[in-house]
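Model the full structure from these sequences, guided by the hints.
Protein chains in written order, with our numbering: chain H, 51 to 368; chain L, 2 to 340; chain U, 8 to 297.
Since the hints were made in silico from the structure, they are not lab data. Don't take each hint at face value.
Stated by the list, open to error - Cross-link-like lysine-lysine pairs, in silico, DSBU-like; alpha carbons within 30 Å at most:
(1) 264(H) / 149(L)
(2) 128(H) / 132(U)
(3) 279(H) / 149(L)
(4) 81(U) / 214(H)
(5) 70(L) / 158(L)
(6) 32(U) / 177(H)
(7) 251(L) / 268(L)
(8) 279(H) / 158(L)
(9) 308(L) / 16(L)
(10) 88(L) / 177(H)
(11) 177(H) / 16(L)
(12) 80(L) / 23(L)
(13) 132(U) / 53(H)
(14) 94(L) / 177(H)
(15) 264(H) / 16(L)
(16) 88(L) / 279(H)
(17) 65(L) / 94(L)
(18) 264(H) / 27(U)
(19) 264(H) / 88(L)
(20) 264(H) / 158(L)
(21) 27(U) / 23(L)
(22) 132(U) / 177(H)
(23) 233(H) / 214(H)
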Amino acid sequence: MLKYFVKRLIMMIPMIVFISFLVFVALDLTPGDPLTAQFSPESISGLTHEQLDALREEAGLNDSLVVRYLRWFGGVLKGDFGYSIQTGTPIGSIIANLLPATIYLALAALVLSVLMGLLFGILSAIKHNTIIDYLSSLFGVIGISMPEFFIGILAILIFAIQLKWFPAQGRTEIGATFWVNLKYILLPALSLGLALTAALTRYTRNSMLDVMNKNYVKTARAKGLSEWKVFYRHVFRNALMPISVLICLRLPMLIGGSVVIEQVFGYAGIGSRLLTAINSNDYQLVLSIIFLLSIVSLLSSVLIDLITGLLDPRVRYN
Amino acid sequence: MSENKDILLSIRNLKTHFHVRKRVIRAVDGVSLDVRAGKTLGLVGESGCGKSITAHTILRLLPKTARIKDGEIIFHSRKRQPVDLLKLQPSGKEMRGIRGNDISMIFQDPMSSLNPVYRIGDQIVESILEHENTTRAEAMERALEMLKRLSIPSAEKRIREYPHQFSGGMKQRVMIAMGLICNPELLIADEPTTALDVTIQAQILELMQELQRQLGFTIILITHNMGIVADVADDVAVMYMGKIMEFGSKEDVFLRPSHPYTRALLKSVPVLGNSGRDLLEPIRGSTPDPSDLPEGCSFAPRCDFAKPECGQAIPYVDVGNGHLVRCVLAEGREVRDGQ
Amino acid sequence: MEAKAQKIVKSSRMRNVASKLVSNKAALLGLAIIVIIILLCALAPLMTPYNPTKPDFSAQVQPPGGAHPFGTDKLGRDILARVLYGGRVSILIGLSGAVGGMLLGVIIGSLCGYFRGWLDAVFVKVAELVSIFPQILLVLVLVTILQQSMYNLIMIFIATGWVATFRMVRGRFFSLREESFVEACRVFGLGDLSIAFRHILPNCLGPVIVQLTLNTAGFILQEAALSFIGLGVPSGTPTWGNIMNAAKEIVSINQYPWVWLAPGLAIALFVLGVNFFGDGLRDALDPKQI
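Okay, here's the thing in structure tokens:
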């Protein structure tokens, strides 16, 4: 198991290098003076044209792409992403401020949708071909058909504006109480997680029904196990394996979706900062955020992969 | 089929029907059988004849679409009062106490009958821990011993491995170990060797017989292969379209087959020791639609000796030594009790 | 004669699928929704006299009813006209992205699945990379480098949408390659490409078509999300997502919901139709179900 774990982590390294290189090339293709992205505004404000050229040479901006990439990547590894062209603040600190809020939102959405999706899916499979099954199947197909932001807007109109149960916009700062936190996170997290919940409901149902017909489930019954033990030891445990693969495939969509949902709920996270950066052509910031979000998405995929490995011995022995 | 002390299981007039989209499929339609304790009964027939459903009915492991319409299955356990298995709740405590403990079953396809995510040791001890009050370590010890009995090489290591690390034949040995671990009185083996290579088939069957000699359990061996029955069975029941056509000791059924279907089966299958001059003959026609069976003998449409009387209800005829035949041709040859 | 027999087998299989599809009420409902919405959008000029892009300052934010059955937006444009004309663009983007992605996935998947080797290894890595990269982020990268346009959007959808089809076709090829009919083709001396595309590929098409419906639904949702945050189709062209852009302000969410409800419901209804149809198709193609 440990071997599999280490192997999976090592396999990640070339991916990160490759993504970072792509991002750097993209950065190089965007218009704008790289000097303003590498030095704080105060340090270059009073310099003459010649002085700037000298600084450029000294900073190695005239070096080849690969050399500049290595230097940039070295900085990134130390948390130095350069400066935002728009505001002049170090990108590292912007990210450190906002990324946790986004991860928190995505995580809340993930937890809620896994819990609800599994619950609905299992109910649907156990009560196969009953009204419960039809209703949750209907929920499943409607849920994957609704745009997340549309659900978010509807939720604001109904639960925030009309019923006044939840705040319509914003997020809490660190240190807020649990209930305040819950009030702010519930609507955005539910809207963000709706598609995943629906997909999980459908998938869990089918996976459970599939496993229920397997021969080893019959073997388990033939051992004289109670229906409950057959269910949780043999059906549920095995049905979870394909489900964890689905979650893995859907995680990037959750992180991408947070960009949109943050916009709907005025949630100050890295996603909404990304959109303002795009609108003000702050390329250095845009690509740094995109780089980090892809790393987050890569990391979470690896994590789910590891869980799949824990669940399925065939994966880790391969 | 007289009442007898060494009968372990007696099935009377068992009817298991399936309701599929308003059609009724009479998969098992009036089966009566006696299984002698400590012996091997070969339940033989073409695929779809209901032999597997009969076995699943004994253990009450039927799918939801199945209905048990009639009959009784009396289990004369040495450990408990005789009990009619059909009167128990399928997933109730009593039935579960019998399942895997007094009566266990192994299935046709060993590849898919083991749960891929658990170590095989854990899967074997699951039965012990369910039925007996013992520690996990003790149960593991017993599982190891059983694997050694089934001559699984380096069992100490393999008990900690996963099913995908085993070959088909080894998996079936594990299944047998699982079936025998609680010392059952009856082992139902549903086509245990069909999915395996021919050479491995023989090994598995020999192992089962050897263990039967050591432990003294009873076997119901379900197969479509007359050759296997000839090798290992003591008694033989020939099944066709949900009914037992002929039942008797192996010698009676093989040497004096009295039902045209049995004779046709024997002619259509190569049996070891048959001289090459006897040509194989396929049975003409094909099995009728199970939802639309003819009255009387369901083999009549394919039978070379069919008569008008075949269309009526046909009783069993004892042609000697409890050798029962369900055929109009046997009428008049019947033997009175104590002949 | 063999070809004839094959044709008979094929047509009876097609009939079988068709009859199962017809007996599936949800699939029929889905198909009806798709056809009706596409017809309404295609015939937009007959449905509404209004120009979807021309402002009319005498009729700003009117609630539904009267001359404007779905109301008007802040610039006095008729919502019904915008939803119908916008649907043309949204459906076009979703469909062409999905079809393009399907073609790309089928071609790469067949080649990789048949020839394997380094080609396969390379594309498996590429596919892994594409699928862990959040699609929206990829669109954002390209939007920052390139211009925002409908064609760029379609290109991006194709560039990311081939992965699922690729995996499926490649997987089917891996198992079908070992079947005896492929061996028979080789014995007859057929060329590799002919075996791959004329003999193996037709056996993979069922799931590919189901994936096509899934991708169409997914891309319509993504176009809507991207246009909603202002990074999809440029705002001059109405699309279902662009119309909903108005709902970014709390005022419009609260005061004039008809501006965003109509396009939102149009998206949901169309995608629901596609998903119903796709589910029915999958069930009909599943040989396990009788």
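Taking the hints in turn, this is what the structure says about them:
1. A C-alpha spacing of about 28 Å is found between residue 264(H) and residue 149(L), which places the hinted pair at or below 30 Å, so the restraint holds.
2. A threshold of 30 Å between alpha carbons decides the hint, and for residue 128(H) with residue 132(U) the separation of about 28 Å falls inside it, so the pair holds.
3. At roughly 28 Å between alpha-carbon atoms, residue 279(H) and residue 149(L) fall within 30 Å of each other, so this suggested pair holds.
4. The hinted pair formed by residue 81(U) and residue 214(H) meets the criterion: a straight-line CA distance of about 26 Å does not exceed 30 Å.
5. Taking the CA atoms of residue 70(L) and residue 158(L), the gap is about 48 Å. The hint is violated against a cut of 30 Å.
6. In summary, the hint linking residue 32(U) to residue 177(H) is supported, as the alpha carbons are separated by about 21 Å, within the 30 Å threshold.
7. Proposed proximity of residue 251(L) and residue 268(L) is supported: the alpha carbons are some 16 Å apart, at most 30 Å.
8. Of the pairs offered as hints, the one joining residue 279(H) and residue 158(L) holds, with about 27 Å between alpha carbons and a cut-off of 30 Å not exceeded.
9. A threshold of 30 Å between alpha carbons decides the hint, and for residue 308(L) with residue 16(L) the separation of about 26 Å falls inside it, so the pair holds.
10. A C-alpha spacing of about 26 Å is found between residue 88(L) and residue 177(H), which places the hinted pair at or below 30 Å, so the restraint holds.
11. A threshold of 30 Å between alpha carbons decides the hint, and for residue 177(H) with residue 16(L) the separation of about 28 Å falls inside it, so the pair holds.
12. Using a Cα cut-off of 30 Å, the hinted pair residue 80(L) and residue 23(L) is violated, with the two alpha carbons roughly 42 Å apart.
13. With a C-alpha separation of about 21 Å, the suggested pairing of residue 132(U) with residue 53(H) holds against the 30 Å cut-off.
14. Among the hinted pairs, residue 94(L) with residue 177(H) is consistent with the structure: their alpha-carbon atoms are about 22 Å apart, no more than 30 Å.
15. Restraint check for residue 264(H) and residue 16(L): satisfied, since their Cα atoms lie roughly 26 Å apart, inside the 30 Å limit.
16. Only pairs whose Cα atoms come within 30 Å are accepted, and residue 88(L) paired with residue 279(H) is accepted, the gap being roughly 23 Å.
17. A threshold of 30 Å between alpha carbons decides the hint, and for residue 65(L) with residue 94(L) the separation of about 19 Å falls inside it, so the pair holds.
18. Restraint check for residue 264(H) and residue 27(U): satisfied, since their Cα atoms lie roughly 25 Å apart, inside the 30 Å limit.
19. Proposed proximity of residue 264(H) and residue 88(L) is supported: the alpha carbons are some 27 Å apart, at most 30 Å.
20. A distance of roughly 27 Å separates the Cα atoms of residue 264(H) and residue 158(L); the hinted pair therefore holds under the 30 Å criterion.
21. For the hint linking residue 27(U) to residue 23(L), the alpha-carbon distance of about 19 Å falls within 30 Å, and the restraint holds.
22. For the given pair, residue 132(U) sits about 41 Å from residue 177(H) by alpha-carbon distance, which is inconsistent with the 30 Å threshold.
23. Between residue 233(H) and residue 214(H) the CA atoms are separated by roughly 11 Å; this keeps the pair inside 30 Å, and the hint holds.
Of the numbered hints stated above, those contradicted by the structure are hints 5, 12 and 22, listed in ascending order.
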